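Please take these sequences and the hints and turn them into a complete structure.
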Amino acid sequence: GIQVEQSPPDLILQEGANSTLRCNFSDSVNNLQWFHQNPWGQLINLFYIPSGTKQNGRLSATTVATERYSLLYISSSQTTDSGVYFCAVQFNNDMRFGAGTRLTVKP
Amino acid sequence: DAGITQSPRYKITETGRQVTLMCHQTWSHSYMFWYRQDLGHGLRLIYYSAAADITDKGEVPDGYVVSRSKTENFPLTLESATRSQTSVYFCATNRGRKETQYFGPGTRLLVL
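First to last, the sequence lines map onto chains A and B. Per the numbering used here, the very first residue in the first sequence carries number 1; after that it's consecutive. Per the numbering used here, the very first residue in the second sequence carries number 1; after that it's consecutive.
Check each hint, because a few of them may be wrong.
Said to hold, decoys possible - Distance condition first, Cα-Cα at most 25 Å in a straight line; then the derived SDA-like pairs of lysine to any residue: (1) A:K54 / B:R97; (2) A:K54 / A:E5; (3) B:K98 / A:D27; (4) B:K98 / A:S76; (5) B:K11 / B:L110; (6) B:K98 / A:R22.
Simulated from the structure, these hints should not be mistaken for laboratory data. Remember, predicted model here, so these are calculated numbers, not experimental data.
Structure, rendered in structure tokens:
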């Protein structure tokens with residue numbers, strides 16, 4: 001099956017800092033999504049981004065499908081950004097998640 | 001608009017018992033998914049369904065059974081629960097195959 005690797009596994013930031021999270025995948029995929037799991041366990045979809053660049057407020061994402069990676073940018077981080085960020089890729093109907101990046105934003 | 005609901009939210013059971021976790025959606029989305037989340041493994045796909053009466057295996061289907069007689073419901077049954085099935089179970093839906101995925105709140109299952 002498709003392998004999904006996320007880096008870094010853990011990230012600690014001061015409030016206001018910027019960060020980049022990376023997702024590498026091993027094969028061509030139909031789509032790619034980024035999710036945020038908050039400290040209460042809820043999973044929220046951030047981006048549906050099989051290719052190209054999207055922005056939503058302080059967050060943006062870029063997927064370069066031909067090179068099999070995606071980046072999630074968080075600017076001016078806030079304590080509410082803390083949690084785990086997952087990348088998920090889909091080939092046909094099979095969804096595979098990476099192990100996640102655990103982000104802690106300190107006030 | 002309730003979206004996706006899961007029940008129960010918490011469940012404790014014993015080894016060998018049958019357990020059914022329920023997932024209900026109000027959006028009439030075609031696709032529904034069941035995942036389990038364990039420390040060190042992230043989320044892993046158990047089963048998915050492309051439409052009513054159409055289901056297929058995911059990455060970790062052993063020990064689980066699903067059905068989908070109605071578009072809005074996608075129950076997951078553990079026929080004989082084992083300790084290794086202690087996990088957090090998430091249901092998710094997509095409107096179409098290449099669409100944004102939305103998750104339910106999860107069910108925490110403890111098998112003693």
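* To do: Give me the numbers of the hints this structure contradicts, sorted from smallest to largest.
  => 4
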